[in-house]
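My request is simple: use the sequences and hints to build the entire structure.
Numbering (the working numbering), first residue to last: 1 to 308.
Mixed in with the good hints, there may be bad ones.
[Claimed, not checked] Straight-line distance between alpha carbons at most 20 Å, and here's what the computed EDC-like set of lysine to aspartate or glutamate pairs gives:
hint, residue 1, residue 2
1, K266, E204
2, K251, D167
3, K251, D228
4, K293, D195
5, K77, E240
6, K293, E282
7, K293, D248
8, K175, D231
9, K103, D68
10, K290, D275
11, K293, E244
12, K290, D195
13, K103, D137
14, K290, D228
15, K251, D231
16, K290, E234
17, K175, D191
18, K175, D75
19, K103, D82
20, K77, D228
21, K175, E244
22, K283, D191
23, K77, E234
24, K283, D228
25, K251, D191
In short, the hints are calculated from the structure, not lab data.
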Amino acid sequence: MCGSNTWRKPDSRRTLPLIEGRWSLLQQRTHPLQLARAERERERERGMANLFCKQAQNYVETRPSYPDDLFRFIDSKTPQHDLAWDVGTGSGQAAVSLARIYKRVVATDTSHEQLSFAPRLPNIEYRHTPLTLSPTDLHQHVAPPSTVDLVSVAQALHWFDLPTFYDGINSVLVKPGGVLAVWCYTEPQVDPAVDTVFWRLYTESGRFWAAARQMVDDEYRSLLFPYDPVDGEEGTGPFEFAAERAMDMGKYLTYIRSWSAYQTAKESGVELLTDGMLSDLEKAWGGDGKAVKVVRFPIFLRIGKVRS
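Printed below as a string of structure tokens:
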């Protein structure tokens, strides 16, 4: 994902005559703290979008492909398979798998750079979207109301303004039975030696992560998720899966450099991968950086159906 897709209610300015004096009066009636918070939220979204845009190449080279059993599970919980919408698709990792199940997939992202790396398939429509979409824009440019069987969000939901996002999702999901599936993956697992060095690095990177990262560290367990359990399940998860990717040490380091926290640290003049850290990691890798190891990424899925 590069940035995020969020929706807002139609701007009240559109319903007022475009007279400067009236708009100034409306602004004066808005509490300054509300205006400040809204501006901070917009800056946060723009900042995250820029971070992911800068690392598009690293992202596509090293991020895990999601396992087939994850999509088989989602498939089994979706009553209809006509249209899926993959939000924050990035370079299309999830969209490609969804295209094998659903007749048509709309895959959206805020980054032209990320979308340029996405594989092209005849039943996937990749669309670049702005950071914010009004309900009208959502229905015109993504999907009409009550037409989407599945909305999926892979490793991106924690960046969204959740109440606003859910409002948009609920408007396009089929009723009854439309399904929302969101998942994240947590820190990579290699072996005890490598993982020990990794956790030292991850701890040092902590101050450079956005606050939203806590949802991932929490495995989406405390995530606000106002949906009903899908058929056959007592709750909405998280349900656990895992992805694996073969990497040499170079690819493993490229993965670390794809972190938003790594980019933030660099922009602050801090190099997380110091000479000492690299030396310790090489020793933990066995002294041969070209040796290929299996890197495991735990995945945590929340899934539910829209409330009628």
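Checked hints:
Restraint check for K266 and E204: satisfied, since their Cα atoms lie roughly 13 Å apart, inside the 20 Å limit. About 39 Å separates the Cα atoms of K251 and D167, which puts this hinted pair outside 20 Å; it is violated. At most 20 Å may separate the alpha-carbon atoms for a hinted pair to count; K251 and D228 exceed this at roughly 40 Å. The hinted pair formed by K293 and D195 meets the criterion: a straight-line CA distance of about 12 Å does not exceed 20 Å.
Among the hinted pairs, K77 with E240 is consistent with the structure: their alpha-carbon atoms are about 15 Å apart, no more than 20 Å. Taking the CA atoms of K293 and E282, the gap is near 13 Å; set against the 20 Å cutoff, the hint holds. For the given pair, K293 sits about 6 Å from D248 by alpha-carbon distance, which is consistent with the 20 Å threshold. Distance hint between K175 and D231 is fulfilled; the C-alpha atoms sit about 15 Å from each other, no more than 20 Å.
Note on K103 and D68: the hinted pairing holds, with a Cα-Cα distance of about 18 Å set against a maximum of 20 Å. Of the supplied pair hints, the one linking K290 and D275 holds, its CA atoms being roughly 18 Å apart against a limit of 20 Å. About 10 Å separates the Cα atoms of K293 and E244, which keeps this hinted pair within 20 Å; it holds. For a cut-off of 20 Å, the pair hint linking K290 to D195 stands: about 18 Å separates their Cα positions.
Of the supplied pair hints, the one linking K103 and D137 is violated, its CA atoms being roughly 23 Å apart against a limit of 20 Å. With a C-alpha separation of about 47 Å, the suggested pair K290 and D228 falls outside the 20 Å cut-off, and the hint is violated. This hinted pair does not check out: K251 and D231 have alpha carbons roughly 40 Å apart, beyond 20 Å. Restraint check: the Cα-Cα separation between K290 and E234 comes to about 46 Å, which exceeds 20 Å; the hinted pair is violated.
At most 20 Å may separate the alpha-carbon atoms for a hinted pair to count; K175 and D191 exceed this at roughly 46 Å. About 17 Å separates the Cα atoms of K175 and D75, which keeps this hinted pair within 20 Å; it holds. Between K103 and D82, the direct Cα distance comes to roughly 5 Å. Compliance with the 20 Å bound is thereby established for this hinted pair. Between K77 and D228 the CA atoms are separated by roughly 12 Å; this keeps the pair inside 20 Å, and the hint holds.
For the suggested pair K175 and E244, the alpha carbons sit about 35 Å apart, so the restraint of at most 20 Å is broken. Annotation: proposed proximity of K283 to D191 holds, straight-line Cα distance about 13 Å (limit 20 Å). Using a Cα cut-off of 20 Å, the hinted pair K77 and E234 holds, with the two alpha carbons roughly 13 Å apart. A C-alpha spacing of about 48 Å is found between K283 and D228, which places the hinted pair above 20 Å, so the restraint is violated.
At most 20 Å may separate the alpha-carbon atoms for a hinted pair to count; K251 and D191 meet this at roughly 16 Å.
Figure legend: structure checked against the earlier numbered hints; hints not met, in rising order: 2, 3, 13, 14, 15, 16, 17, 21, 24.
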